[in-house]
Structure formats: C-alpha cells, structure tokens
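Residue numbers (this note's numbering), protein chains in the order written: chain S, 974 to 1224; chain X, 18 to 452.
It is worth saying that the hints were derived from the structure and are not from the lab.
Predicted, not measured: the structure shown is a model, and the values here were computed from it.
Some clues are possibly wrong.
The list that follows gives simulated cross-link-like pairs (lysine-lysine, DSS-like), each with its CA atoms no further than 25 Å apart [stated by the list, open to error]:
hint : chain 1 : residue 1 : chain 2 : residue 2
1    : X       : Lys281    : X       : Lys317
2    : X       : Lys353    : X       : Lys98
3    : X       : Lys49     : X       : Lys187
4    : X       : Lys365    : X       : Lys353
5    : X       : Lys192    : X       : Lys202
6    : X       : Lys187    : S       : Lys1117
7    : X       : Lys281    : X       : Lys307
8    : S       : Lys1050   : S       : Lys1144
9    : S       : Lys978    : S       : Lys1079
10   : X       : Lys411    : X       : Lys187
11   : X       : Lys365    : S       : Lys1079
12   : X       : Lys316    : S       : Lys1117
13   : X       : Lys411    : X       : Lys281
14   : X       : Lys202    : X       : Lys350
15   : X       : Lys365    : S       : Lys1144
16   : S       : Lys1208   : X       : Lys411
17   : S       : Lys1079   : S       : Lys976
18   : S       : Lys1117   : S       : Lys1130
19   : X       : Lys281    : S       : Lys1079
20   : X       : Lys48     : X       : Lys427
21   : S       : Lys1144   : S       : Lys1079
22   : X       : Lys362    : S       : Lys976
23   : X       : Lys98     : X       : Lys154
24   : X       : Lys317    : X       : Lys49
25   : S       : Lys1043   : S       : Lys1144
26   : S       : Lys1144   : X       : Lys187
27   : X       : Lys49     : X       : Lys411
28   : S       : Lys1117   : S       : Lys1079
29   : X       : Lys317    : X       : Lys411
30   : X       : Lys353    : S       : Lys1199
31   : X       : Lys317    : S       : Lys1199
32   : S       : Lys1208   : X       : Lys317
33   : S       : Lys978    : X       : Lys356
Listing some non-contacts, in silico: residues in chain S with all C-beta distances to chain X over 12 Å [as the list claims (entries may be wrong)]:
hint : residue
34   : Lys978
35   : Gly1031
36   : Lys1068
Built from N, CA and C at the ideal position, the CB exists for glycine as well.
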Amino acid sequence: MSKPKIAIFDFACCEGCQLQFVNLEEELLDLLSVADVVEWREAMSEQSDEYDIAIIEGSITRLEDEERLKLIRSRAKILIALGACATMGGVNKLKNNFDDLDEVKKCVYGKDAKKPHLATQPTKGADEVVDVDYYVHGCPIDRKEFTYIVRCLLLGKTPEIPDYPICVECKANGNPCLWEYGQVCLGPIIRAGCGARCPSNGFRCFGCRGYTSNPNVEAAKDVIEKFNLNIDDLKTKMILFGSRQEPTIHG
Amino acid sequence: MAKTLNVNVHHVTRVEGHGNIVVNATDGQIKKVEWQVPEAPRFFEAMVRGRSYEDIQTIVSRICGICSITHSLASTKAVEKAMGIEVSEQADTVRILMHYSEQLQSHVLHVGYLVSPDLFGLPSVVPLAAKAPEVVKAVIRLHRVANEWSDLIAGRTTHPVTLIPGGLTKVPTEKQFRELQERLKNCVGDLTAVAEAVLSVASNIPDFTRETEYVSLKQEDPPTYTFYHGDITSTDYDGTVAINDWQTVANEYVSDQSTAKWTKWHRGSYAVGALARFNNNAELLSPMAKDVAKTFGLKKGCCNPFMNNVAQLIECVHVVETSIGMIDELLTKGLKDEKVKVSPKAGKASGCVEAPRGILFHEYEFDRRGNCVGADICIPTNQNHANIQEDFEKFVPEILDEGEDAVRLKMEMLVRSYDPCISCSTHMLDVQFVK
C-alpha cells in the first residue's frame, strides 16, 4: 500500500496547533515514515494539489477563505479539523458578539477601517462551510490525542473521542475542585480528553474543547446556586470559546 | 546587462503566517519591489472588549502559537500596572524563567528547523535530517528541553495556564527545579554542536548591510540583558522611553500593502528582535554567549539583518546559562507557597516584554469592575515590516544580476531572517518576477 498523502492548510489562527506537530519531536519523524506530507507551508517549501488527507487549522473569516476551503474539500478524501479555531471557530468567534462588524474594524484600524484589504465577515468553524470527517479538539490540540487519531485512521479504525465532562478526568487526577476556591470553572459541561490540563495546574477550565454533546445544564445550574453566583457569571466564561455565543456587546 | 524578471512568491513558506514578495524588473530597472502582508485579520483589540481582566491573557495568548507566553506576560504586566497589583520577587523570577523557556523554544525552532535548511541549500528540515542527522537530533533534543521547561512552569507548552494577575497559580517544587537545572546543564553540548554546524555554513549567510535603527528593551537597575523588565531604547537614541509612552516610539500607520500596521521612529523604519537586543545590550550577555558571539565575529553595531539568526543562537546560550544561575538563587532563598488575591479596579496601562522576535507592547483600559473597555497591541513582526520593505529596496538591486531563482531564494531568506510571526499580526510571502 502506498503511503497516504497528507496536506496541512492554515486559515485565521495562531498556528499553535501546527506547532504541536513540531513539538512531537522525534515522533514526528516516525509519523513522516508512514505518511507523505506533501504540503505544509509553515515547515516546508514544497507544495502540492494532490492529497488524500487534508488537515485544516484555523477559522474561516473571509469569503476567499471559504472558497479555498471548498476547493481543498473537493480534493481530499478525508478532512480533519485541527484545533478549536477549525472545530468551532475558537476565540476568533468573540468578534461575532459585536452586532456591527464595522465597529470591530474601527476598534483596530480606526479611520482606515474601510480599506478593501481589511474586509472581514463573521467567524466560522470549518464545518459551517464544508463537511468535516474528524475533529481534533482543543486550543491548542493535545499531541497525544492527535497521534492517536492519526494512528486510528492509518489502521482503518474509528477514533473514540471522550464525550464526558472534564470533571471526570479532573477527579481522577485527585484535584481539589476549583469552584471551592472561587473560580468559575467550565469542567462540568466541557468535553474531556485533555487530561484536565488547566484545572490540574490550578487554572479554571475555559472550554477550549467545546461542550459535550449533551451538557448537563442542570448540574451546572446547581453548582452556580451552591456558590451564590448567577448565570451571567457562567456565561461570561463560556463566551471565550463557546461556539453558541450570544451577543453581549452592542455596537 | 539588461535584466528583466518577475518574482512572485505567494505565501512565503517556512514562516509563521502569510506573506508575499513581489518584484518586477524590466531591462535592469526595478519597477516594483514589495513586501505584502495579506494575513486574515483577527481583530484581537476588539475581541477583548467587555471581557474581564482575569480572561485577558487567555484570549491574547491566542494571538500567536509560538510566542503565546510572551503575549500572556505582556498583557498580565499591563493588567497589573493598570490596577496597581504587586507581584512577589519569587513570582517575578519564575515568570522570567517561563519567558526564557519560550525564547529557547522559539529560537531553536526558527534557527534549527526554518532557517538552517537555507544555509545547507535544502528545501526543509526533512532532507536536512538525512544529510546532517546528528545536528538535527541535537536541535530536536534542545527543542524538547525547551518545551518541557515551558510545560513545567507554564502548565503547558503553548498557551500558558499558570499565569494570573498578581502571580502564578502554581510553581514547580524544589525537586522539579533541580531536575530542570540538570537538564539545562546538559544542553550545553547540544548548543555548542548546533553553533558549530551553523558556523560551518556561515559563508552562506548573505553579506548585506543597510544602516538601520534597532529598537529593544534596556534595563539599568540592575544592568541586565533584558527580555522582561526595563524601558525602551534604540541605537539612534541615547536615553530610554517609558513603556507607557510606547506609541511615541511605534508611530503606527496603515499601509496598503498589508493587513498589519507598520511602524517608524527616527527613520523611515526600524528593526526589532535578537539583533536589536544584541546591538543595544551585548556587553551584558552571559560569558558563554559572549564566546559564541566572538566565534561568529558578531559585534555591536552590526547592520546585516541575516545576522539576526546568529544573534538568536547567542541568546539561546544566554538564556540557558542565565537560568542555571537563577534556579540556584531561587532555591537558596527557599520556595514559598504564595496565595494570590487581587481585586479589580479601574485603570489604564501598558505592558511590554521582548518576544523572541522583538519588542512587544500591550495596552489596556479597564472599568471599575475590571472589564476591558479598550486595548491596543503592537507586535514585533509589524514593527519589522517597513524595515523588510526598505531592506528589499536596497538588496534587490545588489543581487539582480544573480537571476530569478537566486533573487527569489535570497529575498525569502531575508524575510525568514527576521523570524516573522505574521499570524501575530496577519500573514506574509509572495515573490513575483515579471518577464
């Protein structure tokens, strides 16, 4: 069997997820021995239009990027969304909270905001533009989870991604609950799989892996009540990475 | 000899972010030389509006995957200054160690993976691994140490989680610090091997010079080769400018060539980065770092932008050597369990640190509940854009006779030498030659 051809493409993002490939260190060389990377702009000069697997990093914020993504989809057998920006829009969706995108541009570019090359549109995750076959969650992605998914694909298996909340992993790590320390932690409603990395380091979960498919909203409400907070305290944290954001700022 | 050529590099490779180079020359006359930055803008200054001071670093670290620690530190410093929050000496030292881990990680990535293939005449690090396996292995080992160093102190490699206004959520144990120190001592051999490998191909570093203003931090109390504390200085300016006055240094403007803003101070452009820090502070480098500078013949006042990569190598040695001593000091004083308790208040201030690729400014204003009402961020790559354009204008006529392929390669190398991190701002390279 010939090696599958993989191409990596980046859209609007910090490129920190691609960086996790480099951070695989020696393991990256192992990966390169079982797959042909035919395009990876950040690391290689070579480019190609022929590939089996397309890995998409970043969120979609311009019409030209939507067209580019559709073209990539038409060429690829398998399309993988890599990291929160691609899986759900990521922090870039914060700008969707503004009712008026011209206001957003004015914040940054002032009187020059109307120049044509500064055009923008509401941020979209990859699956709001094309069909996505696999999701690698997180901001940034977890390197171990990524190699697990790639291994599954190469072996023709379906990767199993956790659909239970971060609290499960956090408890298993033996951490004290951050709510007890006055932090508004999103652990109860966010998808596990990162090993509860942030709470294990004493920092609240801010939801970079997205919600579980059936978040336990009642449990979240109970916690809010127990600690004498109101729902807005939770919402203001959910907004950082939540793809189901509601407008909070009016232009 | 009449030369007509057209270079058009759309999205320069092996840089972080998107950039284009365009060159049109007809009959030896250059019609157009342009550095374009078409990266999709992300509007971070708008995205932080309305968000709590506690969440600012979580948002802005996402400006850049490579220098996320730097963005987190700059924003956290600004928040602390705006609200008058004090930071303990221990937290300050641990933060600097965190920052050094990123300098090493970013410089090793840039020099080892992205720049060295050019010096060895190869398209990427993959064929380089076949040609010079021992050197690539040394690069990988150094990169791994840097990342695990970040993991230990920042909670993870990319997008730190331990950094909060007022201090840190967690510091490593004495045992963990001792293990880290041991690993740093073991890095010296690999650093020497990489420096020797680069030195062996140093003749491939283009010999190009253009008088340039170099801007960086400068710390006088105590005198330090600084990445974290201090005020702003430049090679054109004897004194220093306070961080809160950074706008008088950057003088940002919007260029039609770019979705990123450009800057200028005493001249039409200025440069930031490792070479800028070296040109302003070289006498304060650690002893081993000074030795490496000597082997490459790098001295203060160097105006060859390609030497920025050598300066990065020198800084790798500096941060490793300095950190070994800092860990000793930290442990001699004894680690304390520090609880951080802060309360928000209204205020406005700027925070500044040196990113691996140059000086970085963050400014925020908060209301009395600690919600952000305004932000202004000026990243190092943007400060280099105008300088890259001016370098192009002098460099291209000097190499025009070498033909299209050489011009394309050398222009890409020039851009790469600045270690541009365009997603920070917006993306970069497209070289166009017209026939």
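Given hint X:Lys350 paired with X:Lys202 - CA-CA distance at most 25 Å | 21 Å, holds
Given the hint that X:Lys365 pairs with S:Lys1079, test it: the Cα-Cα distance must not exceed 25 Å.
-> 20 Å, holds
Hey, S:Lys1117 versus S:Lys1079, does the alpha-carbon distance stay inside 25 Å?
-> Cα-Cα ~41 Å, so violated.
Given the hint that X:Lys411 pairs with X:Lys281, does the C-alpha gap stay at or below 25 Å?
-> Answer holds: X:Lys411 to X:Lys281 is near 18 Å, not above 25 Å.
Proposed proximity, X:Lys187 with X:Lys411 (alpha carbon, max 25 Å) = Measuring from Cα to Cα gives roughly 50 Å; hence the hint is violated.
Are X:Lys353 and S:Lys1199 close enough, with their CA atoms no more than 25 Å apart?
-> 32 Å, violated
Verify the proposed pairing of X:Lys192 with X:Lys202, using a straight-line Cα cut of 25 Å.
-> Cα-Cα ~15 Å, so holds.
Restraint status (C-alpha distance of S:Lys1208 to X:Lys317 at most 25 Å) = Violated, at about 53 Å.
Does S:Lys1130 lie within 25 Å of S:Lys1117 when you go C-alpha to C-alpha?
-> OK: S:Lys1117 and S:Lys1130 at ~17 Å, within 25 Å.
Under the criterion that the straight-line Cα-Cα distance not exceed 25 Å, is the pair S:Lys1079, S:Lys976 satisfied?
-> 48 Å, violated
Please work out if X:Lys281 and X:Lys317 have their alpha carbons no farther apart than 25 Å.
-> 22 Å, holds
Straight-line alpha-carbon gap X:Lys353 to X:Lys98, limit 25 Å | 24 Å, holds
Violated hints, listed in ascending order, are 3, 4, 7, 8, 9, 10, 12, 15, 16, 17, 21, 22, 23, 24, 25, 28, 30, 31, 32, 33, 35, 36; each of the other numbered hints is respected by the structure.
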